[in-house]
Amino acid sequence: QKEVEQDPGPLSVPEGAIVSLNCTYSNSAFQYFMWYRQYSRKGPELLMYTYSSGNKEDGRFTAQVDKSSKYISLFIRDSQPSDSATYLCAMVSGNFNKFYFGSGTKLNVKP
Amino acid sequence: DSGVTQTPKHLITATGQRVTLRCSPRSGDLSVYWYQQSLDQGLQFLIQYYNGEERAKGNILERFSAQQFPDLHSELNLSSLELGDSALYFCASRGGLGNEQFFGPGTRLTVL
Numbered sequence: 001q002k003e004v005e006q007d008p009g010p011l012s013v014p015e016g017a018i019v020s021l022n023c024t025y026s027n028s029a030f031q032y033f034m035w036y037r038q039y040s041r042k043g044p045e046l047l048m049y050t051y052s053s054g055n056k057e058d059g060r061f062t063a064q065v066d067k068s069s070k071y072i073s074l075f076i077r078d079s080q081p082s083d084s085a086t087y088l089c090a091m092v093s094g095n096f097n098k099f100y101f102g103s104g105t106k107l108n109v110k111p
Numbered sequence: 001d002s003g004v005t006q007t008p009k010h011l012i013t014a015t016g017q018r019v020t021l022r023c024s025p026r027s028g029d030l031s032v033y034w035y036q037q038s039l040d041q042g043l044q045f046l047i048q049y050y051n052g053e054e055r056a057k058g059n060i061l062e063r064f065s066a067q068q069f070p071d072l073h074s075e076l077n078l079s080s081l082e083l084g085d086s087a088l089y090f091c092a093s094r095g096g097l098g099n100e101q102f103f104g105p106g107t108r109l110t111v112l
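Chains R and C are the protein sequences, given in the same order.
Mapping of the first sequence onto the working numbering: position 75 corresponds to residue 75, and the numbering continues sequentially without gaps.
Mapping of the second sequence onto the working numbering: position 42 corresponds to residue 42, and the numbering continues sequentially without gaps.
Because the hints were derived from the structure by calculation, they are not lab data.
Among the clues, some could well be false.
[To be verified] Lysine-lysine pairs mimicking DSS-like chemistry, simulated, CA-CA at most 25 Å apart: (1) C/Lys57 x R/Lys56; (2) C/Lys57 x R/Lys98; (3) C/Lys9 x R/Lys106; (4) C/Lys9 x R/Lys67; (5) C/Lys9 x R/Lys2.
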């Protein structure tokens, strides 16, 4: 069983839609949770960073962590064609020695 | 721009050769992480250094090695290269004021 599971997609939505991206994990030691956006083989760009359970909002992006279910989500409101990219979830325990990444979900927002 | 730099951007070499990839972390970051990303694959963690010391190892082949220097830049050495080593290699740095990990632009390695 992989440490982090993420649906690879692709996910295709019309412009303006609400997008929901999800990851599940198995290691209860994970404390910090991140979402990265990666455009076409460029370096992953950090979008959201959360600690423990709860919600965090930044503009059109909301990150949600449910540690009891070992489930994290990223919501994108009013999605734009420029949001078309691969989204990677990542998580790490408190020692920060090793970050675990999901395989990435490819999102396509159609104009 | 994340503040993490990687050189070279592209590298084309032949099987059996050895190459060195370089990474300079963000100012103030003590940790450097190396990742490999093959075509349509996720990020595979290779190795982590903190202030010059190896802290964690992932799926790094014995043909690969890395080090972090006193000025905190890091190098990833890949030897006896095989076709399957063709991939994007990313480094990321962490530390300073926060716990987030920031990625460089990557080095695209092609082994012919």
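### Message
Under the constraints set out in the numbered hints, which ones does this structure not fulfil?
### Response
1, 4, 5
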